[in-house]
Amino acid sequence: MDFIQFMYPGIIAMSVMGVAFFSTISTVWDREFGFLKEILVAPVSRTAIAIGKTLGATTIAVLQGLILLVIAPFIGLDLHLAMIPEIFSLMLLLSFAVAGMGLFIASLMKTTESFGLLMQVLVFPMFFLSGAFFPLTSVPSWMMALSRLNPLTYGVDAMRQIFLHNHISPEVSHRLILHPIYINVLFLVVFSAVLVSAAVIAFNKKN
Amino acid sequence: MNIIEVQNLTKRFGEVTAVNALSFNVQKGEIFGFLGPNGAGKSTTINILSTLLTPTTGKAYINSFNVLSERDKVRKSIGLVFQDPSLDDHLTSEENLRFHAKLYGVPKEEYKKRMEEVLRLVDLWDRRKDIVKKFSGGMKRRLEIARGLIHYPQVLFLDEPTIGLDPQTRAHFWEYILKLKEERAMTIFMTTHYMNEAEYCDRIGIIDYGKLVALDTPSNLKKKVGCDIIEMKSGDEERLKEELQARYQTKIKEKDHILQLEVQDGERFLPRLFNELTTKIDAIALRKPTLEDVFCALLVAPFGSSKHHRKSGCALAGECTDIKKALLKQNFYVFYSTYHYNLAARNYPLLAG
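Note that the protein sequences, when read in sequence, are chains D and V.
3 is the number of the first residue of the first sequence in our numbering; add one for each residue after it.
-5 is the number of the first residue of the second sequence in our numbering; add one for each residue after it.
Chain D with its partners taken away, still in its complex shape (with noise of 0.2 Å):
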């Protein structure tokens, strides 16, 4: 099995991470800056205000994930056509996951400094829980239970599993894979579902 083939997915998923939660600083500048206040006069719902600002931020990781996808096959990443739409609607999810955590504590945020702040503290552990370096199948107990509750571990592990298919046996995939694609699409779309609404909640309340 090739290193880079197992590698790459869990790049593609931080920096979409990344970008997706950095990106709803945003809300933070704005309000900073006072352009929030231009936006909260307007005759338009809290709530498309909060979802807009999650979208906008889907929109810009999206955007670096494909960057990522168009490099791949350069380094001689094994990367077919039908992979991609699966890839695409995975980095979307992901990052719409991501984008509503993000926004939720911007919302609660009313310094950049703060919010960077608590960002770099959140990103780290969860870029080492997810995964993406080593494979969590034989990490110890305490850290697997955390890994359960980030959703980044759920973005690599299907992203991996759509790159290294047809590459691994299934001995191997046993001992790389934790769950099936379909669960961790389940895990993401609850966890975007619960985060974005608490973000729309606590945009409300805040605003």
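Wrong hints could be hidden among the right ones.
What the hints assert, rightly or not - Mimicking DMTMM-like on lysine to aspartate or glutamate, the simulated pairs with C-alpha atoms at most 25 Å apart in a straight line are:
{"hint": "1", "chain 1": "V", "residue 1": "Lys134", "chain 2": "V", "residue 2": "Asp82"}
{"hint": "2", "chain 1": "V", "residue 1": "Lys134", "chain 2": "D", "residue 2": "Glu34"}
{"hint": "3", "chain 1": "D", "residue 1": "Lys112", "chain 2": "V", "residue 2": "Asp82"}
{"hint": "4", "chain 1": "D", "residue 1": "Lys208", "chain 2": "V", "residue 2": "Glu64"}
{"hint": "5", "chain 1": "D", "residue 1": "Lys207", "chain 2": "D", "residue 2": "Glu88"}
In short, the hints are calculated from the structure, not lab data.
Using the hints, position chain V against chain D.
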């Protein structure tokens, strides 16, 4: 018709009561000035009226829509220019307007026409493709005004719109505002700290500690504070004093060799004075009470009160104290100072000779 109705509006932030049982109405097509020292509750009131804050108690209506229960209708009826800039400065001026027009549901065909109209109004038509980041403070302000107008609001809220603008831009700004009032019968609700700007208002409400302390037209407010003063200087002081006393039957005050005469209608009185006086005068100045006097007289706290030193709201704090003292003594004109004399001389150079 009342386009803004405020009834018993109160807003508390914890212990602090920012707005305290405020009630007033603003008529359609009126320029309403909302004055008061820093922290008096002006911006809080605007934020409540523009649905950004919810009042603790009380009601407010804009264009007969309730600001609490009919927010979207209120939001559609108003335009806002905030105290602090609120443009997206990564976008061009045209993009800022387009975004705003979309938010407010301006029809697409209509948008092009209006965009040109408002940009020409604020002299930014040539800069429509430029990124806002490169704009000067004055240009940003003008663009914000254009943006506040593009959805044809019924009421335009201006929260210290001319702060930080140079005198020229400020004059321009007022030209636009007066034009809007005339051409569109737009209602304008504004706050300002510049008293000469407050003169443009049809009516003025003065607020302090969240309470309305005065509400009237600028000229009525000034009348309440006192009448005009004519100041004269002459080589032959004694004779002039005697003549004035004999001719006009009033008491003449004297301070630093300047004679002061109180009259009702200064402008009309001056020519009469010139015709009738036989004593030679060297210099003459007319001083009328300004809104600054009104503002200070109404807002300075009584002596011994700790309120007195709280704010730097009044530029002429020293003189304000004098005004207050004078008012308390029912002897208004003792406060007359050289500062005002100079001011009068500047405003009426011909009279000052």
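How the hints compare with the structure:
| no. | hint | result |
| --- | --- | --- |
| 1 | V:Lys134 with V:Asp82 | 10 Å, holds |
| 2 | V:Lys134 with D:Glu34 | 17 Å, holds |
| 3 | D:Lys112 with V:Asp82 | 19 Å, holds |
| 4 | D:Lys208 with V:Glu64 | 19 Å, holds |
| 5 | D:Lys207 with D:Glu88 | 36 Å, violated |
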